[in-house]
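Engineer: Here's the letter readout for the chains.
2 protein chains.
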Amino acid sequence: MRRVKIVQYGVGPIGAEVARYALKKSGLQFVGAVDIDPKKVGKDFGEAVGGPKIGVSITNDAKQLLAKTEPDLVLHSTGSYLKDVKPQLLEIMKSGADVISTCEELSYPFLKNPAIAKELDRAAGRIKVTLLGTGVNPGFVMDVLVLTATGVCQEVRSVKSSRIQDASCRRLPFQKKIGAGLTPEEFRLKVADGTIKHVGFQESIAMIASGLGWKLDRIDETVEPKLAENPVASEYLRVEAGQVAGVNQRGIGIVGGEPLIVLNLQAYLGCPDPREWIVIEGRPKIDLTVKGGVHGDIATASVIVNSIPRVLNSRPGLMTMKDLSAPSAWFGELQNFVQRKL
Amino acid sequence: MRRVKIVQYGVGPIGAEVARYALKKSGLQFVGAVDIDPKKVGKDFGEAVGGPKIGVSITNDAKQLLAKTEPDLVLHSTGSYLKDVKPQLLEIMKSGADVISTCEELSYPFLKNPAIAKELDRAAGRIKVTLLGTGVNPGFVMDVLVLTATGVCQEVRSVKSSRIQDASCRRLPFQKKIGAGLTPEEFRLKVADGTIKHVGFQESIAMIASGLGWKLDRIDETVEPKLAENPVASEYLRVEAGQVAGVNQRGIGIVGGEPLIVLNLQAYLGCPDPREWIVIEGRPKIDLTVKGGVHGDIATASVIVNSIPRVLNSRPGLMTMKDLSAPSAWFGELQNFVQRKL
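Residue numbers (numbering that gives the first Met the number 0), protein chains in the order written: chain H, 0 to 341; chain Z, 0 to 341.
If you're looking for bench data, these hints aren't it; they were derived computationally from the structure.
Don't take each hint at face value.
Stated by the list, open to error - Here's a subset of chain Z near chain H, in silico, CB distances under 8 Å, partners left out:
id, residue
1, I251
2, G255
3, T288
4, S301
5, G331
To be verified - For lysine-lysine, the following DSS-like pairs were computed, each having C-alpha atoms within a straight-line distance of at most 27 Å:
id, chain 1, residue 1, chain 2, residue 2
6, Z, K111, H, K284
7, H, K175, Z, K321
8, H, K321, Z, K284
9, H, K23, Z, K62
10, Z, K176, H, K4
11, Z, K23, H, K321
12, Z, K111, Z, K67
13, H, K321, Z, K321
14, H, K321, Z, K24
Cβ atoms here follow ideal geometry from the backbone N, Cα and C, with glycine treated the same way.
Generate coordinates for the entire structure from the input sequences, incorporating the hints supplied.
Structural biologist: See the structure below:
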């Protein structure tokens, strides 16, 4: 039984975490890796992600690599915005490969980017490949897990999902991304220029609404600083009282004039009770908590790699997590999870 | 757009709850109902389940009904054991209808009933219909929800799922089924003759193992009484201290000599902290709680009816919950959730 040939497209922090997990899997064979960072190009891909050499060099020429190696599947992790990554996704699909991407806007692109969604879906259908955008959020904790929890409900009156994270144990770029250590004024400037913002609420809310069959009037989003009441510190930085410890972002899906889908993301240093918390007002009411929360980087890599057999089994087209079979980890030979003969 | 013609096969307490929910759905049309209870035969089906008349009488002649009405889908709820319901399932499929059944052993029949599973799968494939066994348990809280939670994991070392229920608010047959009010001796006799037992642990454990790619050595099950420490009472019965308040059933899936899948079902009168509780030891660890738990009868009806579009969208064959797209409630027109033109 042959192995599934895969390429890692984008070897940043998330792409490297994806690759480290994928490298442990039976049935996958990395035939290439792409990154534009001159410090990475030419390096052995295995070494670049912190493991042993695997004899595959990182290249910045995606087109040539795809033509030469003809991968079955590409794990893509280069950006959050569809307009930036669309040419890459089209090029990958053109080579005949399925794609699983961490691009947040790809997780449910039909509301915010309907034209690109249609273009990608048509291309995937024509070439007979499957395209999926996923990750832990968007892609799992604030959308698919919410929808899954409604599976036991006969009525759903409203949905609220809160992701409450202690950023102390996350990497420095994450801590900077949430504004830790800034003054409130600096924070507001970075919100205004779009630097501080989780991308994905539009997608998660649209996926929940579509899954339930609710028609969205609109989505409102706010991004506020979470100020430190007392000094807090991480391995990397220190925040004085009154400075910004992190972010509190809310996304509200308005349905029939009412705020029926509420997403609430808090990520800050020193958060005392990190958790994922889903409340579905309905029949029955569901009050679901994941104690301690789910670690973002690890879980995004998990969701990407765990989706591989489900994407290989999928019909062609632009798919979302709610279209594929129920998520799950898988261990052992990939072939055991794939319906077609590899 | 035409409505999907459905038949309710089995109008006991669960079948009636299923029907009450299904009757509220747009896009479904009940064309018949089957039950063998002489007190129900001939009655209007809508009235029999506690609603207004719908002009469909309950019949005890399934064969004639299926031939006459040619339903698209049958909701089946007559028994827990495959050998009992197999002839019914084959007859329904022969009429060309998809089937969603509450039969516990159908939820994942490949381990305990491999021959019947193969026979049903072949019949479904030949006739090009889809067959699904599901419900809240087995079918959701102790298997699919567990697997879904592993979707964010890179390692899974063990899985434990506990269902801890206060039986005080459940119907009398349920309270009797768990042995409430018996002496410990009476309880043990009823365990010995098979009267007191949740059917489904074998199926849930096998589904989890298969989903993760783990090879089961065997499954061990124990059924113990939960004794009342103080007198407790429900609407229907009173339990003295030292008598049986309910049941504590454990199912343990042994993998590589280790108890890696542990299911723990406690249902008793006066339970102080009812909940669903899933702990996955892995990377990351997942500790998930549904506060208050999920009401069994309501949720089983939810899962059955919420599965309708997913079954209509499925390829033919004997499917399980882990094969179909991620669970979710759906509201509004069924057509919005079905890929083919109805």
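Engineer: Hint by hint, note whether the structure agrees.
Structural biologist: Outcome of the hint check:
1. With a cut of 8 Å, the hint placing Z:I251 at the interface with chain H is violated, because the nearest CB-to-CB distance is about 19 Å.
2. The restraint placing Z:G255 at the interface with chain H is violated, with a minimum CB-CB distance near 12 Å, outside the 8 Å limit.
3. Residue-level restraint check for Z:T288 holds (minimum Cβ-Cβ distance to chain H is 5 Å; threshold 8 Å).
4. Checking Z:S301 against chain H by beta carbon gives a least distance of about 5 Å; that is within 8 Å, so the hint holds.
5. Look at Z:G331: its Cβ gets to within about 4 Å of chain H, closer than 8 Å, so that hint holds up.
6. Annotation: proposed proximity of Z:K111 to H:K284 is violated, straight-line Cα distance about 34 Å (limit 27 Å).
7. For the proposed pair H:K175 and Z:K321, the alpha carbon gap of about 39 Å is over 27 Å, so the pair is violated.
8. Taken as a hint, the H:K321 and Z:K284 pair is honoured in the structure, with Cα atoms around 24 Å apart against an allowance of 27 Å.
9. Taking the CA atoms of H:K23 and Z:K62, the gap is near 53 Å; set against the 27 Å cutoff, the hint is violated.
10. Proposed proximity of Z:K176 and H:K4 is contradicted: the alpha carbons are some 53 Å apart, above 27 Å.
11. Under the criterion of a C-alpha separation no larger than 27 Å, the hint pairing Z:K23 with H:K321 is consistent with the structure, at around 24 Å.
12. A distance of roughly 35 Å separates the Cα atoms of Z:K111 and Z:K67; the hinted pair therefore is violated under the 27 Å criterion.
13. The hinted pair formed by H:K321 and Z:K321 meets the criterion: a straight-line CA distance of about 13 Å does not exceed 27 Å.
14. For the suggested pair H:K321 and Z:K24, the alpha carbons sit about 21 Å apart, so the restraint of at most 27 Å is met.
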